[in-house]
Amino acid sequence: MDHGYLNLETLWFGLIGVLWIGYFFLEGFDFGVGILMPFLGRDEVDRRIMVNTIGPVWDGNEVWLIVAGGATFAAFPEWYATLFSGFYLALFLILAALIFRGVAFEFRGKDKHPEWARWWDRAIFWGSALPALLWGVAWANILRGVPIDTHKEWAGSFFDLLNPYALLGGATSLLLFTLHGAVFLTLRTDTELQIRARRIARTLAVPGSLAVLGFLTWTFFNARDNDGIVPGVVPIGAIVAVVGVEWLLREKLDGWAFLATGMCIVLITATFFLNLYPRVMPSSIGAANDLTIWNASSTHYTLTVMTWVALIFTPLVLLYQGWTYWVFRKRIRRADVEKSTPGNGGEAASPI
Amino acid sequence: MDAFDLARWQFAITTIFHFFFVPLSIGLVFLTAIMQTAWYRTKDPTYLRMTKFWGKLFLINFALGVVTGIVQEFQFGMNWSAYSRFVGDIFGAPLAIEGLLAFFLESTFLGLWIFGWTRLSPRIHLACIWLVAIGTGLSAFFILAANAWMQHPVGYVVNPVTGRAELKDFFAMLTNITAWSHFGHTMLGAFVTGGMFVIGISAYHLARKHETVLFRRSMTIALVVSLFASLGVAFSGHFQAQLVAKQQPMKTAAAEALWETERGAGFSLFAVGDVENGRNHINVQLPHLLSVLTTNTWNGEVQGINDIQAEYEQRYGPGSYIPVVGVIYWAFRLMVGAGMLMILVSLVGLFLLRRGTLETARWFLRLVPLAIALPYLANSTGWIMTEMGRQPWVVFGVMLTRDAVSGAVGVGFVATTLIGFTVIYGVLSVVDVYLLSKYARSTPPEITEPSAEPALVY
Numbered sequence: 060m061d062h063g064y065l066n067l068e069t070l071w072f073g074l075i076g077v078l079w080i081g082y083f084f085l086e087g088f089d090f091g092v093g094i095l096m097p098f099l100g101r102d103e104v105d106r107r108i109m110v111n112t113i114g115p116v117w118d119g120n121e122v123w124l125i126v127a128g129g130a131t132f133a134a135f136p137e138w139y140a141t142l143f144s145g146f147y148l149a150l151f152l153i154l155a156a157l158i159f160r161g162v163a164f165e166f167r168g169k170d171k172h173p174e175w176a177r178w179w180d181r182a183i184f185w186g187s188a189l190p191a192l193l194w195g196v197a198w199a200n201i202l203r204g205v206p207i208d209t210h211k212e213w214a215g216s217f218f219d220l221l222n223p224y225a226l227l228g229g230a231t232s233l234l235l236f237t238l239h240g241a242v243f244l245t246l247r248t249d250t251e252l253q254i255r256a257r258r259i260a261r262t263l264a265v266p267g268s269l270a271v272l273g274f275l276t277w278t279f280f281n282a283r284d285n286d287g288i289v290p291g292v293v294p295i296g297a298i299v300a301v302v303g304v305e306w307l308l309r310e311k312l313d314g315w316a317f318l319a320t321g322m323c324i325v326l327i328t329a330t331f332f333l334n335l336y337p338r339v340m341p342s343s344i345g346a347a348n349d350l351t352i353w354n355a356s357s358t359h360y361t362l363t364v365m366t367w368v369a370l371i372f373t374p375l376v377l378l379y380q381g382w383t384y385w386v387f388r389k390r391i392r393r394a395d396v397e398k399s400t401p402g403n404g405g406e407a408a409s410p411i
Numbered sequence: 008m009d010a011f012d013l014a015r016w017q018f019a020i021t022t023i024f025h026f027f028f029v030p031l032s033i034g035l036v037f038l039t040a041i042m043q044t045a046w047y048r049t050k051d052p053t054y055l056r057m058t059k060f061w062g063k064l065f066l067i068n069f070a071l072g073v074v075t076g077i078v079q080e081f082q083f084g085m086n087w088s089a090y091s092r093f094v095g096d097i098f099g100a101p102l103a104i105e106g107l108l109a110f111f112l113e114s115t116f117l118g119l120w121i122f123g124w125t126r127l128s129p130r131i132h133l134a135c136i137w138l139v140a141i142g143t144g145l146s147a148f149f150i151l152a153a154n155a156w157m158q159h160p161v162g163y164v165v166n167p168v169t170g171r172a173e174l175k176d177f178f179a180m181l182t183n184i185t186a187w188s189h190f191g192h193t194m195l196g197a198f199v200t201g202g203m204f205v206i207g208i209s210a211y212h213l214a215r216k217h218e219t220v221l222f223r224r225s226m227t228i229a230l231v232v233s234l235f236a237s238l239g240v241a242f243s244g245h246f247q248a249q250l251v252a253k254q255q256p257m258k259t260a261a262a263e264a265l266w267e268t269e270r271g272a273g274f275s276l277f278a279v280g281d282v283e284n285g286r287n288h289i290n291v292q293l294p295h296l297l298s299v300l301t302t303n304t305w306n307g308e309v310q311g312i313n314d315i316q317a318e319y320e321q322r323y324g325p326g327s328y329i330p331v332v333g334v335i336y337w338a339f340r341l342m343v344g345a346g347m348l349m350i351l352v353s354l355v356g357l358f359l360l361r362r363g364t365l366e367t368a369r370w371f372l373r374l375v376p377l378a379i380a381l382p383y384l385a386n387s388t389g390w391i392m393t394e395m396g397r398q399p400w401v402v403f404g405v406m407l408t409r410d411a412v413s414g415a416v417g418v419g420f421v422a423t424t425l426i427g428f429t430v431i432y433g434v435l436s437v438v439d440v441y442l443l444s445k446y447a448r449s450t451p452p453e454i455t456e457p458s459a460e461p462a463l464v465y
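Residue numbers (our numbering), protein chains in the order written: chain A, 60 to 411; chain B, 8 to 465.
Pulled out of the complex, with its shape left as it was, chain A reads as follows:
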């Protein structure tokens, strides 16, 4: 089936790809900050600084996921239906994690009881770590192919998702998001916390690079050769970017390091979509059962309507979200936070 690239199905496949790229780039670092809370946050002041570095933006970052979900529903209903009913328990775990995490940011400072913030900090850690891991597992499975029957229905079990390739995918996303978050913290904090963030980022950069290298190599050998577009430069770019992080941090080029971890996330996600195209969910039972952009899509009428809406409003969203990052570009200084943190005696970090 040759339709070329100039069609609405390809456009929407690409747009959904962009939404996932945006989601992983943005929420990637706020997951990382959440995961690092127990490791970098030595006292309440540190932890407040960390939460506040992502305070104004985490909710907007999460909307990228919601819009990706909505766009998939609208443009590729069969994809949405098979994916969401098939990855049922994994999605439930992600939802539970995101629920507690979102509430935790808002609630952690709302009560003085010493145990109160501790509990919400645990929610922030697990609520960040679990999705950071599970998104990698989920996407590796999509790429690898899952059991889909002739009725486009999921025909596997939860444990089909837990294969070695997918677990490596999960480890990669967990490491990469944590690294991305650590580098983000070097840009938004000062003094001791910044130094610790840089140190942990340099430590994470090595296993992070190895995981990316291993995962992308395995992906290369997994790919079915008759499908997908495979411009090797995209995954190779991802590897180059992440390998450079350690050196950039050693030279204190934090901004460039953030760009590098970001590019790595962008290019890995792009690799997913390029390898899949024109499939959206390959079936491990047989290529005849693959969900593709052709057999999973909405009608051209719906895609046209959606295209107009997206053309008008996406630039606007990018503009005001970009402006938010500009408004909150300043570092959060420890000296300022110490003043406004009641009773900070420098208590030890809580075990999770």
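These are computed hints drawn from the structure, not numbers from a lab.
Errors might be hidden in some of the hints.
25 Å max Cα-Cα, derived DSS-like pairs, lysine-lysine [said to hold, decoys possible]:
1. B:K175 <-> B:K63
2. B:K59 <-> B:K216
3. A:K169 <-> A:K311
4. B:K216 <-> B:K445
5. B:K63 <-> B:K50
6. A:K171 <-> B:K253
7. B:K445 <-> B:K59
8. B:K253 <-> B:K175
9. B:K175 <-> A:K398
10. A:K171 <-> A:K398
11. A:K171 <-> B:K50
12. B:K445 <-> B:K63
13. A:K169 <-> B:K50
14. B:K445 <-> A:K171
15. B:K63 <-> A:K169
16. B:K59 <-> A:K398
17. B:K59 <-> A:K169
18. A:K389 <-> A:K311
Dock chain B against chain A, hints included.
Okay, now just chain B, sitting in the frame of chain A:
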């Protein structure tokens, strides 16, 4: 119970829980925006303290609305994948547009509002809260347009080849009269929810002679908004009821426990039904009122359940098309009753305020904090009636709910997530009620220097 029943319970629990937070968020953000506008205009610090006090309660509530909302978006695919496949071409679009237009706007400008007190000019900062308010309104419209399509599908055809519903006219979907009638009623209901919340909490403080200037002003704004909005809810509800009688006569008949078609039908006040045999044991009525309300004529005909059932069996094939009459009947009465009480609260409050005896009317100040429960009752029962009254259909006249459930999801899975969400939501309810009551009873923050606020909020 099979997976289908559990999936329905799950949808009911997650949706009703989500909708505990939504109307209060919408109502409070508009009230907070009004207060901040008053501060911007007058520079009176009392208005700033009001903005911060009610704004904080809004934020606590909003957080839960956001996180429970993600579940809403995902569960169509998780539990109702057959539905998602069948209607995705139509139903997915408003959901995606809601995300792109409304959720980005709300989340981004809320972040700017919370953290931007010292970094933005007062004018831009004020614009932020209004953009959040507009975002909540946009969100409401698109999700209600999606729901309205399930109640009264328009602008579509069912493709005989694919067996899927396809969108033919997006404009028809956006201008669906059912959507606008939903929207008016729901938004006004949200304003009353915010109003009752502010009235109740202000009364609590006024009864204790606590910050009387601040809470008298809050009360005044909320009473005025509540009066207009609660009257608006009644009128829009009346319009909506007439629409439902035309579009889904079974829902109207069930809400009235009207078994046989009647001319000059009475409005039932209290009924004990015999569902098995399709009749009522006891039925206390106001004569002719139902006909007047639904048809605007004294002797207008209102169809009964048994007659509609016979008609639907001919049209759609054998099966029961009767929803759970008892629940719908009482849900409707609780909603209307609560609505009437809210009009009464607003009228009495404004009367006392005008007479200048509000702060000495201890009975009123002690009673109205209880009125905070009324909008929650009305919001929930209203949706229970709307959704359960549509059964057995998920898309009225087009798709049965039983055919909509996910085929690939076993009963154990649905049970797991049902228990999971119920436990999570239970825990969060306790935390939310604790925080809301703690901050509702707290003293509004003192403003030490104009617009001074620590750079950190969390």
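Hints, verified against the model:
At roughly 44 Å between alpha-carbon atoms, K175 (chain B) and K63 (chain B) are farther apart than 25 Å, so this suggested pair is violated. Among the hinted pairs, K59 (chain B) with K216 (chain B) is consistent with the structure: their alpha-carbon atoms are about 20 Å apart, no more than 25 Å. Restraint check for K169 (chain A) and K311 (chain A): the C-alpha separation of about 36 Å exceeds 25 Å, so the hint is violated. A hinted pair counts as satisfied when its Cα atoms are at most 25 Å apart, and K216 (chain B) with K445 (chain B) qualifies at roughly 18 Å.
Between K63 (chain B) and K50 (chain B), the direct Cα distance comes to roughly 20 Å. Compliance with the 25 Å bound is thereby established for this hinted pair. Of the supplied pair hints, the one linking K171 (chain A) and K253 (chain B) is violated, its CA atoms being roughly 56 Å apart against a limit of 25 Å. Pair hint K445 (chain B) plus K59 (chain B) holds up; C-alpha atoms about 15 Å apart against a cutoff of 25 Å. Of the pairs offered as hints, the one joining K253 (chain B) and K175 (chain B) holds, with about 23 Å between alpha carbons and a cut-off of 25 Å not exceeded.
Between K175 (chain B) and K398 (chain A), the direct Cα distance comes to roughly 61 Å. Violation of the 25 Å bound is thereby established for this hinted pair. Under the criterion of a C-alpha separation no larger than 25 Å, the hint pairing K171 (chain A) with K398 (chain A) is consistent with the structure, at around 16 Å. Restraint check for K171 (chain A) and K50 (chain B): the C-alpha separation of about 32 Å exceeds 25 Å, so the hint is violated. With a C-alpha separation of about 11 Å, the suggested pair K445 (chain B) and K63 (chain B) falls inside the 25 Å cut-off, and the hint holds.
About 28 Å separates the Cα atoms of K169 (chain A) and K50 (chain B), which puts this hinted pair outside 25 Å; it is violated. Under the criterion of a C-alpha separation no larger than 25 Å, the hint pairing K445 (chain B) with K171 (chain A) is consistent with the structure, at around 12 Å. Between K63 (chain B) and K169 (chain A), the direct Cα distance comes to roughly 10 Å. Compliance with the 25 Å bound is thereby established for this hinted pair. For the hint pairing K59 (chain B) with K398 (chain A), the CA-to-CA distance comes to about 21 Å; that is within 25 Å, so the pair holds.
As the CA atoms of K59 (chain B) and K169 (chain A) are separated by approximately 14 Å, the hinted pair is consistent with the 25 Å bound. Taken as a hint, the K389 (chain A) and K311 (chain A) pair is honoured in the structure, with Cα atoms around 18 Å apart against an allowance of 25 Å.
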